[in-house]
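Number of protein chains: 4
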Amino acid sequence: MGKAHAFAYRAALAAFPDIPVPRLEMIADVDQGLAAKAAHQYGFQRSSGHWRDLVNDPNVDVVSITTPNTLHREMALAAIAAGKHVHCEKPLSPSLAHSLEMVDAAEKAGVSTQVGFNYIKNPLLKLARDMIAAGELGEITGFRGIHAEDYMHDPESPYSWRIDPVGGPGVIADLGSHIIGMARFLLGPIAEVTADVRTVVASRPVARGAAERKDVLVDDVARILVNFGRGCGGTIEANWVATGRKMQLGFEISGEKGSLVFSQERLNELLFYKAGGDARTSGYVKIEAGPQHVPYGQFCIAGGHQLGFNDLKTIEIGEFLRGIGEGRVSGPDFREAYEIQKVVEAAIAASRSRSWVKIS
Amino acid sequence: MGKAHAFAYRAALAAFPDIPVPRLEMIADVDQGLAAKAAHQYGFQRSSGHWRDLVNDPNVDVVSITTPNTLHREMALAAIAAGKHVHCEKPLSPSLAHSLEMVDAAEKAGVSTQVGFNYIKNPLLKLARDMIAAGELGEITGFRGIHAEDYMHDPESPYSWRIDPVGGPGVIADLGSHIIGMARFLLGPIAEVTADVRTVVASRPVARGAAERKDVLVDDVARILVNFGRGCGGTIEANWVATGRKMQLGFEISGEKGSLVFSQERLNELLFYKAGGDARTSGYVKIEAGPQHVPYGQFCIAGGHQLGFNDLKTIEIGEFLRGIGEGRVSGPDFREAYEIQKVVEAAIAASRSRSWVKIS
Amino acid sequence: MGKAHAFAYRAALAAFPDIPVPRLEMIADVDQGLAAKAAHQYGFQRSSGHWRDLVNDPNVDVVSITTPNTLHREMALAAIAAGKHVHCEKPLSPSLAHSLEMVDAAEKAGVSTQVGFNYIKNPLLKLARDMIAAGELGEITGFRGIHAEDYMHDPESPYSWRIDPVGGPGVIADLGSHIIGMARFLLGPIAEVTADVRTVVASRPVARGAAERKDVLVDDVARILVNFGRGCGGTIEANWVATGRKMQLGFEISGEKGSLVFSQERLNELLFYKAGGDARTSGYVKIEAGPQHVPYGQFCIAGGHQLGFNDLKTIEIGEFLRGIGEGRVSGPDFREAYEIQKVVEAAIAASRSRSWVKIS
Amino acid sequence: MGKAHAFAYRAALAAFPDIPVPRLEMIADVDQGLAAKAAHQYGFQRSSGHWRDLVNDPNVDVVSITTPNTLHREMALAAIAAGKHVHCEKPLSPSLAHSLEMVDAAEKAGVSTQVGFNYIKNPLLKLARDMIAAGELGEITGFRGIHAEDYMHDPESPYSWRIDPVGGPGVIADLGSHIIGMARFLLGPIAEVTADVRTVVASRPVARGAAERKDVLVDDVARILVNFGRGCGGTIEANWVATGRKMQLGFEISGEKGSLVFSQERLNELLFYKAGGDARTSGYVKIEAGPQHVPYGQFCIAGGHQLGFNDLKTIEIGEFLRGIGEGRVSGPDFREAYEIQKVVEAAIAASRSRSWVKIS
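Chains as they are written, first to last, in the working numbering: chain A, 54 to 413; chain B, 54 to 413; chain C, 54 to 413; chain D, 54 to 413.
Derived from the structure by calculation, the hints contain no laboratory data.
From a predicted model like this one, the values you see are computed outputs, not experimental measurements.
Mixed in with the good hints there might be a few duds.
The list treats identical chains as interchangeable, and a pair is accepted whether it falls inside one copy or across any two copies.
To be verified - Here are the simulated DSS-like pairs of lysine-lysine, each with C-alpha atoms no more than 25 Å apart in a straight line:
{"#": "1", "residue 1": "Lys395", "residue 2": "Lys339"}
{"#": "2", "residue 1": "Lys267", "residue 2": "Lys310"}
{"#": "3", "residue 1": "Lys161", "residue 2": "Lys310"}
{"#": "4", "residue 1": "Lys339", "residue 2": "Lys179"}
{"#": "5", "residue 1": "Lys56", "residue 2": "Lys90"}
{"#": "6", "residue 1": "Lys395", "residue 2": "Lys179"}
{"#": "7", "residue 1": "Lys143", "residue 2": "Lys179"}
Starting from the given sequences, assemble the full structure and let the hints guide the process.
Given below as structure tokens:
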């Protein structure tokens, strides 16, 4: 993820000439050699083996935190205390209470924050949100959201930091937060949930091929029924044992007048159905991303060229920097990340109590 | 539906030379003129304005019931009493108790029965079931099933018999039963459910364009979390307000070693992912239906020609007749239809009680 | 193919109540036992081991010829002489001159004829033709047509009647005639061609696994540049060594104002692009076949159910019979088949002379 | 295009830590202000209003030429004379003779060259090429290649530099060179061609909405029959009036044992069919780009993330720089661009003479 950030900071100005010019100042890594090497490769001026050097450096205005989840809080709080603007990879913290602490600190300090929900930076998702907001689908009647991948599908994949409960829940936090965030981005707050959040692979070998196994304590699949605050219902699934899927992150949204279908598997396409046209020739329209979908044109001269993952990350960073320059929040900020985490925690609670749980 | 049956009975022998030769004996309709006209068109020898003429006729061995749901029970019980084999369109009856009565009557009489869950007659679904049963996907870890269409999406579509609660629940019975039946066909019994079963369009005009509106009392969308008896979880959605969808009946099944993806929207295709192959060239395989998928070859000489809906109906009827000839159940029979209805009723109960409900 | 016809004649009346009622009178096959068995299976009243019995029978009004190509002429001429209406599978004859003889005989006798170019009976292709004729695509600027399959791709597939030059050319006649016919159906006459028509598999074993091989004298692939009489250009490919393809029969047609894309691989879908709409949401529309596309509704009650190959054959036969009843040509008739064959022959000549060849 | 280069030079080191470290030295533009602005935005140290300043600067080792076609030659020859390595956008020059002059100059000077055929830098195309070279498709039997877009489809689009014949031919050079280059990359030299190269929109307004029109002298569509040196045939189409298409750049390659299908419209997917597997479950495999396809992993951590157009450009530049560092050609170099241009010129000649033309 550090690499994706480096790409993004390097590309942001080329894509967005109107943002404050980023100067790539310093990379910190607990391994000082690695930090130096990365600084060279990614064009940063300095490096350090101590993250506090970075967050306290007077030449640094903006800090990106891409460390393991358990370290986010301490680093973010220190950076905020030093008056830095902070970008943090999700989740803010394994603990909801700690996340709230981080939100409060940032808001009190008045610094800009951003959390890495990069997929919603897709120009086609902005189009989707705008269409929904403008009523082009009519009253929304349903949402079906999925983020399924397969990197944990093999029961012989060894136990790793990724499934250590000290870092928080399993797939519902890792992938679920993306699709929950996307749902909120498109349709607004989720009011209540019930869920089945479960571990599928009960134990894993302690190392590749090892006979010794360790019990898995985090979830592999989360299936959630949701009620949105706006009144419509839906389902959300997060799944990292979905054999075959590499990036099944997407949704189908139905409204009385139309619908939208999206999958990150084909991130430059959005399907749109508009009710009521000429019956002979109506159907789903495959919208292909092009310069008409801002800010696609900052990256490619014409439709068909296509954005990739790193471009979404560049949009994210570009918007963050522009927001800092203009003194406004570009989002999703710490507050939004906290709201997403509340849905995650509510789903886990609902699954445990086998009941519906309201989200305050 | 009567027409689809007529097609199927006419085509069954051409497709399956080994079945008992069907003689198209009689059509009954409350409108005697219509019955006569249909008999002519579909090549039946006689017609009647009284269904009892048909179920009691000594030359009739097999009866197909395609009337409104509320009439199924009386007709089926009379036909069974007369010793006929009975094909009935789903659901057996709006009332679960009445359905059980029909099951018991048929089983006591020893007649063959079949219920019109035609979509599972697709050769590719038999392949899917066989692959799962043979362990080709490994341990199954998840099911995502959907049957969504849009014929009720427009709030100005008038109130009709289809949404009169006297005929039973709404979409969960109409479309939900298909995907529940498909889930059971592929993965076996469902042990418990929780659900959100709701009416989306609160009222509808009493007639097209009328100012007067009538409250809708049946469900438009059902979202269900399921636990299968075999241990895996899943989701099922039934939806008749899914604007744009004409036949989104399908599933994604994940197993530790592979997965299958199907949609009736492309009924001659089945996607299969097998874990563990050559990483360079692995991915979802699009299996196209062909003569290697029995009984496709009874209809088309080569792959690529493709089956249509009426062919599935012909397979259904062909298997029914062959089963009668061989004195065995070809299914899905009344018992299976009753089991499906139990899941429907459990989901409704779960939605009302906002809790999980076990299925006995 | 005989089976497909039997299906079609059985289903035609059920689908089209307005056509003359077909009575299934007689099946002839050189093997009398087989003829009797087929008559039983397909519901024909009589059978014979002599085709002349059939074409001369006074109770027979319509004859379908589904024998090998070399036999078409004699049978068709006899049937025409007996005043029968004749349906013949393509090609009329391996010899262009003989085909013309058949056309002339039929036209002189005033009988109705039809040739089995069933794929153009797809309701979506009628839509395509109507849209083009109505100018919905504007001036047509290009055609790209393909009929590629793979049933001959394996060099170890044995030599067979299919590649015996006595039956006529190879793939250009077998598959090429379908896509040439489709091109003419949609865009009208082809004025000139140049082509590369070639044998890819030089020899094949005389039997599966045999060491002895026989030289292949017919073409495996034909690639054709065409100029339509209307002025636009295009390409046509016929290919039976297209490994992996089971039914890649389709086209892309571009016009100044729009375009259409079709593949028989998904025969219930037609893609339509209309230039000049809202740039944000324009793109290819996936039109799904439904009752709005006549005569789909004669087969299925709603969109999404889908037609299959046999339904196209039923439409073909139904239209043939309706045409006979109404005393008009429903097409494609012998004349049209002859025009298609002229394009086939011109392409072969162009390939041999390595030049452009005009079609009179 | 200058922007795409700037992106690529900025990103190359981040993606490829092993290449010589690029220092972004100077941008030249005839508009000095624009040059200065671009230098700032893209992080170059200096700028100039005179391109000769750049090609003669002692601190510059590598020159990228992204000017109009007519200027390429003079700039490239000057840069080569100054001993610089040169990247040039295609075509080298409107004149084949001038292009050869540039090839010879570069080869004599011993500098590295590259031409911007960026699409073949896709990791999946390298996979395709490797599979073909390794015989995984068996003997190749056919190629169908297309590059179709629609940016000139509207007859009211005004006359512009793009269609001024002084810059060379029309679509056959602009898009055709990409698909010809791709064909050569995958299958090797093209031995002969015949073609239909034509202007579709005869005249265009001199400005948007103007009544005055100007005759179009360059081609809008080119349809080409090709024979590859390896023996197989194929078709190639270049088309910029293919209404609806934004990036239909792709191919279908058939071999005796397998086939590959690719479209730049879904650049992270490659379809592969392998003959001879289990008939029940064989079919086209959708290969999704991932780290197993070098150098995808230099950009994204896992499959499903997806590359975009700018990443392909970065691979191009990265390979160019690595090649310079290692003193070897990474290609496609000036020589390869010249070979592609020879095919373009042969197709034009074939179309004019209405005959086949050999390529020496």
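Structure-based check of all given hints:
Within a single copy, Lys395 and Lys339 get their C-alpha atoms no closer than 34 Å, and across copies no closer than 38 Å, so neither meets the 25 Å cut-off. Proximity of Lys267 and Lys310 under a CA criterion of 25 Å is satisfied inter-copy only: 21 Å between copies versus 51 Å inside one chain copy. In this assembly of identical chains, the alpha carbons of Lys161 and Lys310 never lie at most 25 Å apart, being 43 Å within a copy and 50 Å across copies at closest. With identical chains, the CA atoms of Lys339 and Lys179 are at most 25 Å apart both within one copy (16 Å) and between copies (23 Å).
Only within a single protomer do Lys56 and Lys90 lie at most 25 Å apart by alpha-carbon distance; the minimum there is 12 Å, versus 27 Å between protomers. Taking CA atoms no more than 25 Å apart as the test, Lys395 paired with Lys179 passes inside one copy only; the shortest distance there is 24 Å, against 43 Å between copies. Taking identical chains as interchangeable, the C-alpha atoms of Lys143 and Lys179 lie at most 25 Å apart only when both belong to the same chain, with a minimum of 21 Å there against 35 Å between chains.
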